[in-house]
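**Student:** Listed below, chain by chain, are the residues.
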Amino acid sequence: MSVLRMHYLLLSSCLFFLPGCSSVYRGMKKTDADASCLLKFKPAVRKVLYNTTVDVVGKHLSGLLLIKAMPDSSTRLVFSNEMGFKYFDFEFSAAGVFKVHYILPQMDKKAVLTTLRKDFELLLMQHLDTKNAFLLKKDGLFYYGFPQTKGNNYYITDSTCRQLIRLERASRRKPVVMAVMQHYADGTPDTIGISHANFNFTIGLKKLKQ
Amino acid sequence: MRNILLALCCCGYAVTLQAQYPGYKPVADINIFKTQFAAAAQKMQTIKADFVQEKNLSLLSEKITSKGKFLFKKDNLVRMEYTTPFQYLVIINNNNVFVKDGQKENRISTKSNKLFQQINRMMVDCVQGTALANTDFTVAVFESAQAYLIELSPVAKGMKDYFKNIHVILSKKDYTVNKLEMYEQSGDNTLISFLNKEMNVSIADALFTIK
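Protein chains in written order, with this note's numbering: chain S, 1 to 210; chain E, 1 to 211.
Quick caveat, the hints were computed from the structure, so don't treat them as lab data. Quick caveat: nothing in here was measured; it's all calculated off a predicted structure. Take the hints with a grain of salt, since some may be wrong.
Listed next, the in silico DSS-like pairs over lysine-lysine satisfying Cα-Cα at most 30 Å (straight line) [unchecked claim]:
no., chain 1, residue 1, chain 2, residue 2
1, S, K206, E, K160
2, E, K160, S, K110
3, E, K104, S, K207
4, E, K69, S, K59
Start from the sequences and build out the full structure, keeping to the hints where you can.
**Tutor:** Right, here's the structure in full:
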């Protein structure tokens with residue numbers, strides 16, 4: 001778990017030092033992208049269980065996140081605490097449509113649902129419309145951008161697209177969420193870290209062997 | 001005619017109850033059961049056991065299994081330490097709950113969290129034999145050759161929204177809890193089986209200390 005903490009610190013410090021006004025994406029060279037190289041980083045979920053910690057504005061939650069591919073090609077995400085009490089049960093259909101099967105009444109707020117939906121869309125690499133993808137280059141890093149309803153999702157790789165450095169959910173000017181997915185095994189990352197820029201909200205996931 | 005209808009209704013009700021839990025029938029005299037349960041619980045000072053927890057997600061046809069060590073000490077002290085496949089510790093000490101996951105420690109006052117207070121009380125009541133007096137539930141008791149099944153149906157809001165009912169399976173031999181089955185309104189359930197039980201062994205108070 002110390003690895004996760006290091007990721008938080010790294011991500012937090014990245015966000016802290018971002019300029020306040022000008023766009024961090026300004027001045028990057030924009031070219032057409034062949035984003036197909038990213039597909040190898042898309043989590044190939046059959047069934048995976050993550051030990052999960054959530055820290056949000058001073059509150060701490062922990063539990064287990066089960067992600068499972070269903071026979072109808074949808075993906076289910078169920079988060080419960082260690083003793084079995086469920087926090088939420090979400091679904092992304094094969095077409096990427098988001099559905100809430102259950103959420104704890106205390107968490108049932110539009111802002112919470114929107115934030116979680118967008119975070120999981122970023123991680124599961126939903127809506128990777130390669131036709132509209134664009135590529136920005138900066139400091140030897142390749143930013144593969146995918147326009148969203150508001151802003152863009154970026155998947156940032158090294159220049160050879162062999163390593164996924166980080167993921168960003170961004171407004172037009174700056175990242176609002178930064179994430180890492182590392183140490184892939186059996187098609188899914190072993191370690192995932194998510195950090196939000198606008199408020200104190202981090203999620204850490206560590207794959208469990210059952 | 002009215003008597004015949006009444007008799008038919010009663011028979012139908014009894015058949016329904018028996019069909020509800022195969023192998024079980026309603027206890028003949030609940031007062032005798034209560035007396036025997038209370039007497040056995042009176043003698044019980046501590047319980048030490050292993051536990052296996054199964055979380056069944058019905059719509060996903062998926063099961064999450066975890067294991068650990070369970071300790072109970074009279075009165076109102078419970079310690080559940082999950083060891084596989086993750087590390088997690090929960091201590092219930094009267095009205096306080098302490099949890100530790102990984103490095104984070106969290107103290108929760110059940111006085112300020114109604115649902116946690118109800119779950120806490122239900123767990124302690126099930127183990128120390130006072131579940132029948134818990135007013136958060138209506139209670140029905142069934143028996144088979146080897147076990148009693150106490151059906152707890154929540155009446156309190158919060159619990160009622162989440163749980164359909166809770167079953168406590170007691171050994172007929174010593175009235176200790178073999179299994180706790182928590183059925184959710186969603187169709188999911190959590191089953192906790194207690195194995196290798198040792199009763200009235202010495203357990204240090206320090207194991208239930210909340211920092």
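**Student:** Compare the distance between the alpha carbons of K206(S) and K160(E) with 30 Å, and conclude whether the hinted pair is satisfied.
**Tutor:** Roughly 33 Å between the alpha carbons, so the hint for K206(S) and K160(E) is violated.
**Student:** Do the alpha carbons of K160(E) and K110(S) lie within 30 Å of each other, as the hint requires?
**Tutor:** Within the cut-off at roughly 24 Å; holds.
**Student:** Quick one, are K104(E) and K207(S) close enough, alpha carbons at most 30 Å?
**Tutor:** Since the Cα atoms of K104(E) and K207(S) sit roughly 18 Å apart, the hinted pair holds (cutoff 30 Å).
**Student:** Verify the proposed pairing of K69(E) with K59(S), using a straight-line Cα cut of 30 Å.
**Tutor:** holds, 27 Å
Against the hints set out earlier in the document, a violation occurs for number 1 only.
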